[in-house]
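Asker: Next come the chains, spelled out residue by residue.
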Amino acid sequence: MPPVSIPAGRACRDNFGEFGKQGLPDEQQRARRRKPSVHIKDTQFMSDNANEIILDIKNVTKRFPGVTALNDVSFQIRRGEIHGLCGENGAGKSTLMKILCGVYPFGSYEGSILYNGRELQLEGSSIRQAIKEGIAIVYQELTLVGNMTVGENIYLGKEPVENGAINWEKLYSGTQNILTKYRLDIQPQALIKRMGVGKQQMTEIAKALSEDAQVLILDEPTSALSEAEIDKLMEILSTLKEHGVTCIYITHKIGEFFRIADSITVMRDGKIVTTEPTQALSSEKLVSLMVGRAMKERFPKGNRHPGDVIFEVENLHALPPEHTDREVLKGVTFDLRKGEILGIAGLMGSGRTELVMTLFGEYGKITQGTVKLEGRQLSIRNSREAMMQGISLVPEDRKRHGLILIQTILKNISLPNLDQFSSWMQIDAEAELNASNQFAKSLAIKTPTLQAKVDSLSGGNQQKVVISKWLMSRPKILIMDDPTRGIDVGAKYEIYKLMNDLAEQGISIIMISSELEEVLGMSDRIMVMCEGHSAGTLDIADATEEKIMALATGVAALSAGANADASTTVSSIA
Amino acid sequence: MSVITSSAQTETPSLAKRLGANLQTYGLIGAIILIWLFFTFTTGGIFLSARNISFLFRQMSITGIMSVGMLLVIVTGNIDLSVGRLAGFVSVIVAMCQMQLWPRLIPQLFPGQDPLDFVIVTTLLSVVIGLVVGTLFGIYQGYIIAHLRVPAFIVTLGGLWALQGAILIVTGGQTISARQEAFLSIANGYLPTWAGALLAAGVTVFLFASMVLTRRRKLKYGFELPSMVLDVLKTGVFAAAFVFYVYVVNQYNGVQSPVLILAIVAMVVNYVSNNTRFGRYAYAIGGNREAARLSGVNIRNNLFMIFVLMGFLCGVAGVVLASYVGGGTPAAGTGMELDVIAACILGGASTLGGEGTILGAMIGALIMATLTNGLQLMNIPNEWQYLIKALVLILAVYADVRLRRNR
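In order, the protein sequences belong to chains A and B.
Quick note: the first sequence, position 296, residue 296 per my numbering, numbers continuous.
Quick note: the second sequence, position 94, residue 94 per my numbering, numbers continuous.
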């Protein structure tokens with residue numbers, strides 16, 4: 001194979017974005033790059049090593065009773081590259097990663113995997129062995145101990161011990177070394193549970209790197225991150241690349257591949273569709289390869305005609321449930337019309353989730369301000385009262401807050417709605433089954449039976465269960481907090497279509513999302529939150545990413561409800 | 001997630017999978033049969049004698065009644081350590097009523113009349129007082145746990161100590177004996193043999209009738225039916241077990257009254273846990289408390305009622321205990337909570353909450369009672385009985401953990 005030439009000065013990936021496959025001219029690139037330019041010497045080092053194949057997957061097939069998860073999968077990953085892995089849920093990505101990590105040991109699959117030229121032979125349940133070999137994975141759900149510090153987590157299980165006691169100086173200096181080496185901006189003594197998700201993830205990555213990982217697998221790393229934190233992550237990955245670490249990057253956010261990946265492998269139904277360098281692909285092509293059909297648009301066109309205002313929130317102030325005087329909501333004002341989709345955008349920590357949870361009655365205490373539904377003032381003290389008034393909430397974390405994983409789909413869907421088919425003596429099992437079936441079918445939940453346990457479903461289907469459960473309570477207002485998080489492209493589309501249908505039927509939807517594209521693609525209006533208060537509301541016709549970000553970061557301020565050009569007013573917000 | 005093709009959606013789950021859901025229950029039943037066979041063998045058949053079986057079931061009824069309440073407590077993810085002492089306290093109070101309250105009160109209220117004329121009424125009143133005392137304690141603990149949000153472990157631990165002190169205060173360290181015939185018959189009485197036989201017939205009819213009704217309902221909703229053979233076999237086994245039980249105890253004296261009480265309690269609570277919103281919410285709270293809260297479940301009310309129910313059932317158990325023993329002893333109920341909790345866990349309840357059945361708890365209680373009874377028959381000293389029980393409990397839970405992991 002001829003050496004892949006990497007043009008001088010482009011050792012780290014840049015944000016090609018809308019500038020197409022050619023990339024920016026070198027001058028502009030250097031100006032855009034946040035790091036000093038890389039020497040030719042380093043580039044040469046990269047291009048020599050780029051030849052080496054670190055992982056050679058050959059004809060791997062993995063069967064389960066009744067299902068073939070991987071079917072004759074073959075592709076190669078070069079040392080030091082960032083290799084994107086792309087595919088819908090069920091395509092086989094996690095199965096393949098589980099093989100690489102030792103969850104499925106050597107012998108439980110057909111075919112062979114060459115790692116650094118040697119056959120990878122991991123014993124059963126030997127994740128430890130995989131880590132020793134240098135293959136580490138950072139999951140979507142973080143596996144850190146909240147009550148411990150960064151250093152303690154990184155060295156968990158391998159604390160430096162002297163004479164039976166932990167050598168804390170060694171531990172923390174070792175931690176600082178790793179953090180400095182990979183330019184991770186976190187304090188070794190910081191407590192995990194006090195950190196934002198972005199920094200927690202950095203800790204996870206540091207933990208993997210502390211084991212001298214040669215291959216770092218990142219599974220949906222950005223699903224819980226804000227835009228700023230995503231930028232940080234991209235920087236870190238570039239740094240890793242400089243150090244020769246190979247990354248396998250799995251995500252549902254197509255755009256990220258084009259920011260960071262050198263080549264992309266597309267999987268579908270357990271087979272490899274193709275492996276190509278990123279330059280040879282485009283978003284549309286990638287999506288159509290993934291789903292096997294062309295997808296005209298990511299966001300279905302709605303046919304909504306929003307009516308009158310039915311929900312008004314005025315100058316809402318609230319305290320969080322912990323005993324503190326610091327307000328979590330510092331003046332939120334917005335309104336919602338019947339049958340419209342109102343997007344709520346904002347940085348992580350701006351209080352979006354706290355806002356909707358407070359409106360739902362399950363967070364904090366309202367100290368000031370009014371909430372009116374159809375002209376009547378509301379005072380909601382818990383989720384039951386919210387439901388009675390016609391407000392439902394699909395929470396951000398479906399596994400922790402939205403579902404009872406050990407129970408069946410049926411029981412999950414009916415839980416808030418048991419009043420509809422019970423007297424005080426008895427639940428009418430048939431009515432319950434009928435109603436749940438109806439909703440499961442209309443949302444197309446993929447399952448052989450409603451008696452299946454919810455934890456056996458894919459993320460998209462789990463989310464549909466949560467949505468069904470709240471649709472059954474016939475809400476007037478459906479609040480959805482990050483409804484498509486961690487869900488593959490096909491399922492996302494289904495949920496968008498569903499949202500359109502619901503809005504057309506007259507249900508008003510409040511949608512919180514961290515994906516600007518999603519907010520712009522689905523909303524009729526966008527309310528932007530910044531540091532606990534509403535920074536302004538934009539009509540979709542006038543909204544752009546820049547305006548939203550300007551409001552979200554507090555660079556610009558709009559008076560509540562007014563449409564204005566963000567660049568005209570510049571005032572500082574605390 | 002693995003790919004599920006459309007054909008798989010109509011595929012019937014394998015036999016192993018279908019049985020697997022109930023594997024735990026069947027495993028328990030298998031375990032009981034094995035243990036019974038073991039003891040029959042080692043005691044030369046005495047274990048299976050009518051007299052002993054009658055004794056065995058009577059012995060399990062007290063912890064059985066408490067296990068019914070405990071199961072729901074464990075399902076919500078909580079625990080109640082005070083149940084043994086509460087039953088003991090109730091037994092002491094009831095004995096006091098019988099021996100000290102009525103003999104003084106009746107002559108004052110109805111001078112000149114023979115106190116013995118009122119025996120039925122006073123016994124009933126003593127029972128009611130016992131139930132009220134248990135329920136009140138349940139209200140007290142329930143309030144602190146559910147409304148004040150103090151962890152159940154601590155509250156009930158404190159309750160245990162408080163009751164310990166209360167018993168000593170009330171009894172002054174002495175046993176209060178209460179041996180009125182009417183009173184003793186609560187725990188030592190029998191159903192006439194014809195009534196027992198009628199009951200056996202009735203239960204059999206009921207079991208087969210509900211099997212037929214369930215099949216019909218499944219058909220109506222397009223669920224694929226389990227094979228008729230399997231269904232009949234399953235129902236037949238349960239019915240046969242019940243008939244066998246009645247047959248055996250009828251040889252001795254008939255169905256024991258406390259077992260009847262236990263059966264009624266178990267059936268009522270079983271119905272509640274499976275068919276009412278209250279029961280559904282309890283499982284939801286144990287399964288995922290946060291999700292339950294965000295789904296409109298009133299956790300406070302539900303938890304409160306569960307502890308009130310527990311208190312009530314301890315009251316029932318305390319009444320039976322007093323009647324069984326013939327009075328209230330200072331040591332009444334000591335250590336019973338361990339048997340009760342073990343029974344629930346053996347029966348499949350998860351310590352984390354969200355899982356567990358009344359039927360399982362009953363089988364667990366039967367296993368614990370069997371162990372006590374069998375080891376006693378084998379003349380194994382008390383100390384060793386503890387060790388063996390501990391071993392059985394740990395092995396059983398270990399086996400369950402392994403099974404769960406491989407499922």
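It is worth saying that the hints were derived from the structure and are not from the lab.
These numbers were taken from a predicted model, which means no experiment stands behind them.
Think of the CB as a built atom: it goes at the ideal place given N, C-alpha and C, for glycine as much as any other residue.
Treat the hints with care, since some could be wrong.
To be verified - Straight line, CA to CA, 30 Å or less: simulated BS3-like cross-link-like pairs of lysine-lysine:
1) Lys453(A) / Lys389(B)
2) Lys218(B) / Lys446(A)
3) Lys441(A) / Lys218(B)
4) Lys446(A) / Lys220(B)
As the list claims (entries may be wrong) - Looking from chain A toward chain B, a few residues come up when the C-beta cut is under 7 Å (computed):
5) Arg384
6) Pro395
7) Leu415
Asker: Leu415(A) was flagged as interface toward chain B. Is the shortest Cβ-Cβ separation under 7 Å?
Answerer: 5 Å, holds
Asker: Is Lys218(B) within 30 Å of Lys446(A), Cα to Cα?
Answerer: With a Cα-Cα distance of about 21 Å, the restraint between Lys218(B) and Lys446(A) holds, given a limit of 30 Å.
Asker: Given the hint that Lys453(A) pairs with Lys389(B), does the C-alpha gap stay at or below 30 Å?
Answerer: It is violated: about 34 Å lies between the C-alpha atoms, which goes past 30 Å.
Asker: Do the alpha carbons of Lys441(A) and Lys218(B) lie within 30 Å of each other, as the hint requires?
Answerer: 19 Å, holds
Asker: Given a cut of 7 Å on the nearest C-beta pair, is the interface hint for Pro395(A) held or broken against chain B?
Answerer: 6 Å, holds
Asker: For the pair we were handed, Lys446(A) and Lys220(B), check the Cα-Cα distance against 30 Å.
Answerer: 22 Å, holds
Asker: Identify whether the interface hint at Arg384(A) stands, where standing means a beta carbon of chain B within less than 7 Å of its own.
Answerer: Given a least distance of 4 Å, the restraint on Arg384(A) holds.
Hint check: a violation occurs at hint 1 only; the rest are consistent with the structure.
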